[in-house]
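Spelled out from the first residue to the last, the chains are:
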Amino acid sequence: MNELQRELFEKQLLSIAKGLEYPRTPDIARSVMRHPRFISRRLVWSLTLILVLCSSLMLIPPARAAIIEFIQIGVVRIFRAEPTPLTPPNAEFPSTMVPVTATPGPTSQPLIPILESLAGEMTLEEARQAVDYPILLPAYPSDIGQPDRVFVQDADGAMTILVWLDPQQPDDVLMSLHFIPHGSWAVKKVNPTLIQETTVNGQRAIWAVGPYPLRFSNGNLDFVRLIDGHVLIWAEGEITYRLETDLSLEEAVKVAESLEPIR
Amino acid sequence: MDESTLVRHAANGDATAWEPLVLAHQEAVFRLSYLLLGDPDDAEDIAQETFLRAWNHLKRFDPTRPLRPWLLSIASNLASNRRRSAGRYVSALMRAFRNEPASSTSIEERSVQHIEASDLWKAVQNLGLPDQRIIYLRYFLDLSVNETAEVLQVAEGTIKSRLSRALERLRGIIQQDFPVLAERREGHDA
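Protein sequences appear in the order of chains G and V. Oh and the first sequence: position 141 is 140 in numbering that gives the first Met the number 0, straight run, nothing missing. Oh and the second sequence: position 96 is 95 in numbering that gives the first Met the number 0, straight run, nothing missing.
I should point out that these hints are in silico values taken from the structure, not numbers from a laboratory. You can trust all of the hints, since none of them are fake.
The calculated lysine-lysine pairs, modelled on DSBU-like cross-linking and capped at a C-alpha distance of 35 Å, are:
no. : chain 1 : residue 1 : chain 2 : residue 2
1   : V       : Lys-121   : G       : Lys-17
2   : G       : Lys-10    : V       : Lys-159
3   : V       : Lys-159   : V       : Lys-58
4   : G       : Lys-17    : V       : Lys-159
5   : V       : Lys-121   : G       : Lys-10
What follows is a list of derived Cβ distance ranges for each label pair:
no. : chain 1 : residue 1 : chain 2 : residue 2 : range
6   : G       : Lys-253   : V       : Ser-3     : 50 to 56 Å
7   : V       : Phe-60    : G       : Arg-23    : 27 to 33 Å
8   : V       : Arg-7     : G       : Thr-198   : 38 to 44 Å
9   : G       : Pro-140   : V       : Arg-64    : 52 to 58 Å
10  : G       : Gly-236   : V       : Asp-61    : 29 to 35 Å
11  : G       : Thr-198   : V       : Asp-13    : 29 to 35 Å
12  : V       : Lys-58    : G       : Asn-1     : 46 to 52 Å
The C-beta atom is built at its ideal place from N, Cα and C for all residues, glycine as well.
Throw the hints in and build the complete structure from the sequences for me.
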């Protein structure tokens, strides 16, 4: 291209590019101004979290018009579905729970093969070196000990997954605990269904049902649950915690509140 | 209040000064993110993250400089990281799950101008990421060479030589894979 041809080409590009149809620009200012990370510079974190969590409505397609409220716990967005009674662990999920969300249903694959094929397995010590936040372990139940399996996966931030196996039935997962750093993409579009609100260490928490995207060693991601139970979701500082367990809500909160640095 | 004054106030923690700045630049940031990622949800995430990060690092920003190139630079880096991350896979999965149509308007309803622009975007998507970035900034967002250089944090001369090479490659792609667009261009040339 000589200089003249190039000038002409550039003019054409500018002219053609002006015709591109962009999606309507969302109200970024509103979401930024209401974001916990924005407000936290001005107000006490714990107070503002509650304010922000309660204050938002989102635009949604008509097909999901029945679900208009959501609650944000850390990086997890939970849609408030139709009122649902508290469900005992291992009970069959009411029909309103999973299908009303935009989240694919849990896989029906056996749990241990899922675990075997997860990417990012390492030792607890390696995980401590790999992440820039403290990995906490539950002191309750007193005999829980250290996790049997540890994974660190990249999700725009290193996400840690601790897994305890059932000593009575080593093929079963007893409990799993996720540490999800702030800014992770992994959960913005995953919508577990709210079952009940509760608190962990005085902070708002959610008792929910829903699968979660995990990366497998073949590079794929899939939405899975490691346990046929519930999920307790809460946030402290920059980390969102996700405790998957078939324990009761009361027991799960005890586990959550017992987290402490590794000794 | 001018932009530099607003930036100074915002850097001191004045949130009311930050909001008009976000409003002023959110469209450019969103559009660049959309061009790089091709998904409005991802673009919204990146745009939000851009303004949050900028807010947290405002004290390091020189308020005498224009804000837009800095914001676009952050957005460009975040979008590039997102392109490489597995998050793209999840987004695609969720889009497929929601079964949303790719576009709300049919091709028939769109004007020739829109089709040309869409073809041009597809052609640019065949380029490498550095070429895409420079073309989006210069021609789709209509930034000056100087502003493009600020966003990409290189000298103006470097931008000019990179642009020249990117344009050559784009022209080759249009001629080879987008004959209709090339014909229209030649029609305009005549």
